[in-house]
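Peer 1: Single-letter residue listing:
2 protein chains.
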Amino acid sequence: MLAVGVVCHLGLLVDGDPMVVPTVYGVAGDTMYLHGSVASRSLVAASRATVCVTVTHVDGLVLARSVFEHGLNYRCAMIYGVPRPVTDPTEKLLGLRVLTEQLAPGQWDYARRPSKKELAATSLLALALDEASVKVRTGPPDDGDGPDAALGLWAGVLPIAQSWGDAVPDPALPSGTARPGHLERILSSPPGSITK
Amino acid sequence: MLAVGVVCHLGLLVDGDPMVVPTVYGVAGDTMYLHGSVASRSLVAASRATVCVTVTHVDGLVLARSVFEHGLNYRCAMIYGVPRPVTDPTEKLLGLRVLTEQLAPGQWDYARRPSKKELAATSLLALALDEASVKVRTGPPDDGDGPDAALGLWAGVLPIAQSWGDAVPDPALPSGTARPGHLERILSSPPGSITK
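If you're matching them up, the sequences are chains A and B in order. Using this note's numbering, you'd call the opening residue of the first sequence number 23 and step up by one each time. Using this note's numbering, you'd call the opening residue of the second sequence number 23 and step up by one each time.
Hint data in this document are derived by calculation from the structure and do not stem from the laboratory. C-beta: ideal position from N, C-alpha, C; glycine also. Just to be clear, a hint being listed does not mean it is correct.
[Said to hold, decoys possible] To give an idea of the interface, some chain B residues facing chain A are shown, with a C-beta separation under 10 Å as derived from the structure:
1. A126
2. D165
3. V179
4. S185
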């Protein structure tokens, strides 16, 4: 489930208090790469201490007969560890490729790759997938066989999914700029899916 | 933007390390209510120290001409504060109503409301919306007027939204159980939208 998703939430300590920042990520083998689009002070702090990275997929709204049994169907992974700042340019390129391809398969080969300067300006963290806990809730509401079933109320699940809207071309594009073929491949699966 | 959303991510300290848990929430005035569907030890810890609650809406994938300029369009709010455990039954009912109606408007009046026992078994936190920071990124990629524009590559935004799937009735429902009218109202707006 970590190979699917658009953002994770990185929890870290900043000046003794927790801070939770969303960031894009990618997974290669047993390593998770996190992008440094978050405040650099967070990344600096993160590289010295344990963090918690949480990936959450909300799959549905559970409508039960009682308010008490309402809830969500979801999958959630929490990964704990001390992240390692990626400094080797080769690994940085690998991490960026993994990250880019998880979000937009095909873009790595299509777009201009990072220059040395851009690479140096990119913060990337690697986190080993050693310590993780996973929580999952699936299925119908839990009060279908209890006393509340006699209430005669409708109950069930409203599935939730992420989906793409129509691609919006950059207004700065010269008219007639062709849409690359891999765009259809990206749009053919839900956001954050790996289609390889 | 806090009045829209399915889950937030609650960051707190547990035994000195950060922990990030997804949880449902609702907003009433300048108070955010968080549900205690997370581990109770987290809630206990949360009620004694500063937490960070992050609400993230991913709005689109920004496909630029260069890998470096790739990113997301998003809206993100981070709220800091010391949460207050809600113990007063009247406020607990209010908080649960806010939370339920944010996710599923109409369900509060339709479903069976919490009993005293259920209410006592429900953990709810209140967080004042005093200290928050908001980050937003919108619009096309940033390299439309730079040297990369000459590459002739397609660039733009792929919008991302959450949407409902078809309602899945609980298999335990007696055949012929009517779908309540407010279900269509819930399904007429994206998940987590308030339709009131």
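Peer 1: Could you check the structure against the hints above and give me the numbers of any it violates, in ascending order?
Peer 2: When the structure is compared with the hints, none of them turns out to be violated.
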